[in-house]
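Each chain is listed here by its residues.
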Amino acid sequence: MRAQFVLSEIGVGLRRNLTMTFAVIVSVALSLALFGGSLLMRDQVSTMKGYWYDKVNVAIFFCNKGDAETDPKCTKGAVTSEQKDTILADLDKMPVVDNVIKESSDQAYKHYKEQFGDSPLVNSLTPDQMQESYRIKLKDPEKYQVIASAFSDRPGVQSVQDQRKTVDNLFELLNGMNYAALAVMALMLIVALMLIVNTVRVSAFSRRRETGIMRLVGASSFYIQMPFIMEAAFAGLLGAGVASVMLVVGRYFLIDHGLALADKLQLIQFVGWDQLLAKLPLVLGIGLLMPALAAFFALRKYLKV
Amino acid sequence: MIRFDNVSKTYPKQTRPALRDVSLEIERGEFVFLVGSSGSGKSTFLRLLLREERASHGQVHVLGKDLARLSNWKVPQMRRQLGTVFQDFRLLPNKTVGENVAFALEVIGKPRGTIRKTVPEVLDLVGLGGKEDRMPGELSGGEQQRVAIARAFVNRPMLLIADEPTGNLDPQTSVGIMKLLDRINRTGTTVVMATHDQQIVDQMRKRVIELEKGRLVRDQSRGVYGYQH
Chain A
1 MRAQFVLSEI
11 GVGLRRNLTM
21 TFAVIVSVAL
31 SLALFGGSLL
41 MRDQVSTMKG
51 YWYDKVNVAI
61 FFCNKGDAET
71 DPKCTKGAVT
81 SEQKDTILAD
91 LDKMPVVDNV
101 IKESSDQAYK
111 HYKEQFGDSP
121 LVNSLTPDQM
131 QESYRIKLKD
141 PEKYQVIASA
151 FSDRPGVQSV
161 QDQRKTVDNL
171 FELLNGMNYA
181 ALAVMALMLI
191 VALMLIVNTV
201 RVSAFSRRRE
211 TGIMRLVGAS
221 SFYIQMPFIM
231 EAAFAGLLGA
241 GVASVMLVVG
251 RYFLIDHGLA
261 LADKLQLIQF
271 VGWDQLLAKL
281 PLVLGIGLLM
291 PALAAFFALR
301 KYLKV
Chain B
1001 MIRFDNVSKT
1011 YPKQTRPALR
1021 DVSLEIERGE
1031 FVFLVGSSGS
1041 GKSTFLRLLL
1051 REERASHGQV
1061 HVLGKDLARL
1071 SNWKVPQMRR
1081 QLGTVFQDFR
1091 LLPNKTVGEN
1101 VAFALEVIGK
1111 PRGTIRKTVP
1121 EVLDLVGLGG
1131 KEDRMPGELS
1141 GGEQQRVAIA
1151 RAFVNRPMLL
1161 IADEPTGNLD
1171 PQTSVGIMKL
1181 LDRINRTGTT
1191 VVMATHDQQI
1201 VDQMRKRVIE
1211 LEKGRLVRDQ
1221 SRGVYGYQH
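Protein chains in written order, with this note's numbering: chain A, 1 to 305; chain B, 1001 to 1229.
No lab work stands behind these hints: they were computed from the structure. The structure presented is a predicted model; accordingly, all values stated were derived computationally and were not measured. Glycine included, every Cβ here is placed at the ideal spot set by N, Cα and C. Fair warning: there could be bad hints in the mix.
Stated by the list, open to error - Computed list of lysine to aspartate or glutamate pairs in DMTMM-like fashion (alpha-carbon distance at most 25 Å, straight line):
1. B:1117 with A:9
2. A:304 with B:1121
3. B:1131 with A:210
4. B:1206 with B:1030
5. A:304 with B:1124
6. A:304 with B:1030
7. A:304 with B:1052
8. B:1095 with A:9
9. A:301 with B:1052
10. A:304 with B:1066
11. B:1074 with A:210
Said to hold, decoys possible - Far from chain A by the CB rule (all over 12 Å, computed), these chain B residues:
12. 1027
13. 1052
14. 1069
15. 1106
16. 1180
Go ahead and model the full structure; you've got the sequences and the hints to work with.
And the structure:
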C-alpha cells in the first residue's frame, strides 16, 4: 500500500520534471564516468609503477664501435672486456647494488625488436649498432647518484642513466591527466548537485499543496520527503548506470578493440576488467547516495516540514 | 486540552509581538470562537496550536503536551490527533472527493482496508454520502468545505481547529457548516474556530475569546461577537 503510493508519486514527479531529470542524469553520468576513469587511471599508474620499478633501475651503457666518431666519451672505440670486468668487480663491491644483469648487444637488439616490432627502423638496425649495457638493480632506488658519480667517467662507459627518471616523466604525465580529470569531475559534480537542488526546489514548489496537506494531517517528515529523495536517487542511479556503461564501453574500445592499445603497446600492462568491475559498485553507490543527500539538504530549505 | 501560560510570540525581524502575554485554558469538549480584527493575532494563536510556530515566551500545552519540549520528529504524531479546516478548503483538485479524504489516511500509513471502510462513513457523516467519486471542482463551496471537514475528522481527532471555515461561504451555507461543526463538537471533539462572522457567533452562544493587537481582551462563556457591557 505505502510502497505503491510512494512509487506512483515518484513516477508523477519524474515525468513532470522530465527535462530537469534528463539534465540530472546526464551530468551525474559524466561526472561519475570521469570519477571512475580517474580511479582506473590511478590503478593504471600504480600497476605500471610496480611493473617498471621492478625492472628499471640504473643502466650503464658502454661504447660500441659506431660511437667512436660520434661520441666524445668514446674516442677510444668500443669498450674492452677488461674495462667491463673492472666495472663489474667494482659494482660487486658496492653495498647499494642488489644485482647486475648483463645485456649484450645481441640481447639489446632482440629486446628492441620485441618492443618496436612494427617500426620501420628495425630493418635498418643491426645487432652491433646496439649498445651493450649493465642493468643494475639497487637496494635503494634513490641511490642512483652513487653509481653515476662512480662510473660515468670510466673509460668505455658511454653514459649512466637513471631509467626511473624516464618512466617518472610518463607517470607525471599520467598523474597530471588524472588531476585534470578530477578537476573536471569536481566541476561536473557541482553542476550535477546544483541541478539536483534546483529540480528538488521546482518539484517541492509544484507539489506544495500536497505536502502542505500531508503536513497538516500528520504525515511524518520522512514520508513527505521520501518521494523527493527517491526521485533524486533514482535519477542519480540512472546516471551512474550510464556512467558504468561508458566505462565498460570505454575500456572495450580503448584497450581491447577499436583503438586496441593492448595490442599496440604490449610492454604496458593495462588495468584489467576485474579492476574496472570492482569500481562499479562505488560508482553506483555514489550515484545513488549523493543525489539523495543533495535532495535531503535541499528539502530542508525548500520544504517546510 | 489547551493551556497557554503567559504566551508571547514575536516573529523574526519584527518588533511588535503578534501575541503578548496570553494565558488561557480550554477544556476537553469545549466549543470556542476566536474573534478579533485582522492582525489581532488569531492566526498566530492557531499556528501555535498546530506547532507551525513556537512561542517566544511562555508555554503552550496542547493535548497534555508542552509544545516547546516536543521534539520535531514527534510533531506529526501530535498533528494526527488534530483536525484542521481552512477558509480556502485546501483540497487536491485532481483527486476525487473520496481520494481527498483517503489521502489523509494514506499518508499516515493506514491500511487499505481501514481506508475503504472509514471514508464512506465519514462522508455520510458530513452529508456527502454517494458523492465519493465527484471531483472537488464539481461541488459547491459548502460541499467542498464539507469534504475538508470530512478529511479533518476522518482520524477522529481530539481537537478540531477551524480558521474562518465560513469565510468564503454565503450565510445559508455557513449555517449548515456550523451545524456540522456543532455535531462534531457533540461527539466530544474540542473545536477552536477563528471567525469574523458576527451572525454565527451571536447565534451559537458559545465561549468567545477576543484578541486585540496580540492581547487577550475578552474571554466570555456564552458570548457574542462584539463587546457587551
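Hints versus structure:
With a CA separation close to 24 Å, the supplied pair residue 1117 of chain B and residue 9 of chain A stays within the 25 Å bound. With a CA separation close to 32 Å, the supplied pair residue 304 of chain A and residue 1121 of chain B exceeds the 25 Å bound. Restraint check for residue 1131 of chain B and residue 210 of chain A: satisfied, since their Cα atoms lie roughly 22 Å apart, inside the 25 Å limit. A C-alpha spacing of about 9 Å is found between residue 1206 of chain B and residue 1030 of chain B, which places the hinted pair at or below 25 Å, so the restraint holds.
Proposed proximity of residue 304 of chain A and residue 1124 of chain B is contradicted: the alpha carbons are some 34 Å apart, above 25 Å. Distance check on the hinted pair: residue 304 of chain A and residue 1030 of chain B sit about 31 Å apart at the alpha-carbon level, beyond 25 Å; violated. A threshold of 25 Å between alpha carbons decides the hint, and for residue 304 of chain A with residue 1052 of chain B the separation of about 9 Å falls inside it, so the pair holds. Of the pairs offered as hints, the one joining residue 1095 of chain B and residue 9 of chain A holds, with about 13 Å between alpha carbons and a cut-off of 25 Å not exceeded.
Restraint check for residue 301 of chain A and residue 1052 of chain B: satisfied, since their Cα atoms lie roughly 16 Å apart, inside the 25 Å limit. For the suggested pair residue 304 of chain A and residue 1066 of chain B, the alpha carbons sit about 21 Å apart, so the restraint of at most 25 Å is met. Using a Cα cut-off of 25 Å, the hinted pair residue 1074 of chain B and residue 210 of chain A holds, with the two alpha carbons roughly 20 Å apart. At roughly 23 Å from the closest C-beta of chain A, the C-beta of residue 1027 of chain B stays outside 12 Å, upholding its exclusion from the interface.
Listed as a non-interface residue, residue 1052 of chain B fails to keep its Cβ farther than 12 Å from every Cβ of chain A; the least gap is roughly 8 Å. Distance check on residue 1069 of chain B: its Cβ is at least 18 Å (rounded) from any Cβ of chain A, clearing the 12 Å threshold; non-interface status holds. Non-interface status of residue 1106 of chain B relative to chain A is broken: a Cβ of that chain comes within 12 Å, the nearest being about 6 Å off. A cut-off of 12 Å between C-beta atoms confirms that residue 1180 of chain B is not in contact with chain A; the least separation is 19 Å.
The structure does not agree with the numbered hints 2, 5, 6, 13 and 15 stated previously, though it agrees with the rest.
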